[in-house]
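Colleague: So you can see what is in the structure, the chains are spelled out below.
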Amino acid sequence: MNKLNFLQPDKNNLNTYLYTGVILLSLSIFIVFLNSFFNRDIVSFLPGTISFFLPLILGFIGLHLIRIEYSGLKFLDSINKNINTNNFNAFLSLIIVFVVIKSLPPLLSWFILDANIAGDSKDVCTGSGACWTYIKIWFNRFMYGMYPNPEQWRINLSFVALAFLGTIGFFATEKFKKYLTLYYVVVYPIIAFFFIFFFISGGPVFFDFSYGIIAAVISVIIGFFIPSKFKMYYFIIVPITVYILLKHVFFYEELIELGKLETLEWVETGAWGGLSLTFIVSFFCLIFCFPIGLFLSLGRRSDFPIIKYFSIGMIEFWRGVPLITVLFMSSVMFPMFLPEDMFIDKLVRVIIAISLFEAAYVAEVIRGGLQALPRGQYDAAKSLGMGYWKMHILVILPQALKLVIPGIANTFLALVKDTPLIFVVGLLEIVGMLNLAKTNPDWLGFAMEGYVFASVLFFIICYAMSKYSYNLEQKYKTER
Amino acid sequence: MNIKKILPQLLTLLVVILIFGFFSYNAQVNMENRGITFGYGFLSQESSFDVQFSLIEYDGSHSYFRAYLVGLLNTILVSVIGIIFATIIGVVVGIARLSNNYLINRTAAVYVEFFRNIPLLLQIFFWYFAALRALPLPQDTEPMFGFFFLTIKGFFVPAFVWNNLDVFIYSLIAAIISIIFVRIYARKKQENEGIQTPVLSISIGLLIILPILSFLFGGVDASVEVPVIKQLSQTGFTYEGGIKLPPELISLALALSLYTATFIAECVRAGVQGVSKGQKEAAASIGLTPNQVLKLVVMPQALRIIIPPTTNQYLNLTKNSSLAAAIAYPDLVLVFAGTALMQTGRAIEIVSITMLTYLSLSISISILMNWYNKKIAIKEK
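Going down the list, the protein sequences come from chains A and B.
Counting from 141, one number per residue, gives the positions in the first sequence under this note's numbering.
Counting from 55, one number per residue, gives the positions in the second sequence under this note's numbering.
Everything labelled a hint here was simulated from the structure, so no lab data went into it.
These figures come from a predicted structure and were not determined experimentally.
Possibly wrong hints are sitting among the right ones.
[What the hints assert, rightly or not] The following label-pair restraints were derived from C-beta to C-beta distances:
(1) L297/A with G95/B: 51 to 59 Å
(2) P246/A with L109/B: 37 to 45 Å
(3) Y528/A with A431/B: 28 to 36 Å
(4) M605/A with I71/B: 39 to 47 Å
Where a beta carbon is used, it is the ideal one built from N, C-alpha and C, also for glycine.
Start from the sequences and build out the full structure, keeping to the hints where you can.
Modeller: Quick look at the structure:
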């Protein structure tokens, strides 16, 4: 039997096989390399089909010859172990290597070698490569939309400040660590909101919103002094009362004056756009959808039938319809449901719609975490005499949320990827701006560059987010 | 029943009723002001707009309900195409992710990471506005395999012209029914006598032989109609005959299947990895062959993990197909919630019908899934 196996090396003729194999393999890669980088076909004397398949055949034989269980050479062993375990694997590996070598030169020439970036008009783009001039000229629009150029420092300043305030948690000393949750859940969103309200908008756009936020803050502050027995009813009744008081009795005129902030030019939300709008929409939706989803998931597991079925209805409704119809609803159907003199800004409507939509997904993810906790945790908490809220805040939620970090991160990723859909209501974030720029008569024919640019941006953002969530997951992993 | 239990529920109910009452009151006032009355009677009116691509006969003289059906069928068409391709790509990539070949493994991983981190809408735009626009004009197109023409105006493929198509369909149905009987018989035989029947080869044989018999004896006859180039004007060319797949459909199906395949690949990977090693070793130790281990032990358990999230992905794909509106593929959202809404101005009725359609689709699938999950769940004592 051994003699029949003449293509397998044994210890007597090992070196012969090795050298032949390596030479054949390098030859095949060399042929493809020459062919793709220098456009030379050194095997053109052979008939068409054979010269096309020759590198594959040579490489295949070469890989077959060097397939040795243990050769002692580190490099060869790692090749054999990783890409050359059997004939089928060797074949696939060869094809992948050849495809990569073949596709490198055209990609390189399109992206870098034949591309143009100098100049400031379409005329400089004569080569066959990409026209990065287009991106360079339109960069401002892709980032800020139709936001007026002299005012763009406001967006930059807000984002830098928010990024700085957002990372403050990493530098907090032990003494302040216990307030971090409060900071991130209550204080930070309010600061963020005011930055956008005063700075980016500069006008009285988000009025009703601001009353709501002020009402919430005041009621939270008063809430600390209320006996826990009444807390639940309190938190439903007082914010609404404060809101109505604020809006109709106290500050009506004054806040309008405050909101205008005469020194800052008012930029309507229709002019916002580009990547900054993507960030604004995802940021606010992210902040709002998490608490809503949390309450929905708790409601779904509640003992009260009305709350339970209301939550189930909400979750299943939002999960069952596509986001685009939700946005359609917010843009064409929702205004029909409001009194005629009442107008809610487009951006606010979109943020509410997306938040409700994503909240349903967040709720299902959190429910998974709640269900995964053993019953003993609930029983133990109850036996210590904890009430519903105390039990959830101190015992159940910290464990459940830890379990569902990957799921929540996936939902947030989906949220970021869903923001381009707001083109339905006429808001142009980066993808919308690309489509606008594409139809500009001076810059026709550069769709590819624009989409590649946006894809790279989104890839970087989303990939970073998913890696970060993976790190978080590893950090908070608890042995069960 | 104490007050602590009733009060929160009453409050919730009150708030919900108040909000709904507020909304419906406003809607009534608004509609009165605009002079529209609420109702679904407009569905039978003449629609008087045209749709570019439709599976059933439709033009402007048909009703709005017919337009709704056209949109719905187009949505289903692109979803089915997307689901088929996404499953194929997803399973292949998922298995490639598990390969111990470093290159294959990495290639699959790069594919998954790349395509799932880019918004679907951007991918659709990329294929439609950038990639497919680079295709040649109809008159410059080189045929693929002689019959297929991939042009900037769409993909032209040959169509089958059938004689006695019904006999062929009957033979297919007969084949499927006999396969079901064979399966029942095989299961019974295995339970009673412990002998396995090669169900798969028998079913494939039946699926091939019965239709061939219908060709030989049933008078079924199929010929192929190849698209032929035709000059419309001085510079305008198109193909006639065969089937035309518009570029909107191609780019949408392409983007949907490439995007969803990444998620399906992860489901497949998780499913196969979820079967514990002990199961395989135990199966091998009782003398099953590797094929039997895969077929009788690994696959049934892996499928139990794979199928529920994969169905979820199918549902997502169907819902994502509504992005068609962005590139003017006439799906439900574009035809009905877009054009029909603009013409009639009946926002509430049309948006509610559209949402209800999607809602009933996803709820029926999730009911089916729950039933399936219960059926395949491991029965513990």
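Colleague: Indicate, hint by hint, whether the structure satisfies it.
Modeller: Going through the hints against the structure:
1. L297/A with G95/B: 51 to 59 Å: holds (55 Å)
2. P246/A with L109/B: 37 to 45 Å: holds (39 Å)
3. Y528/A with A431/B: 28 to 36 Å: At 31 Å between Cβs, range holds.
4. M605/A with I71/B: 39 to 47 Å: Taking Cβ atoms as reference, M605/A and I71/B lie about 40 Å apart, which means the hint holds.
Going down the numbered hints, you'll see the structure goes against none, and every one checks out.
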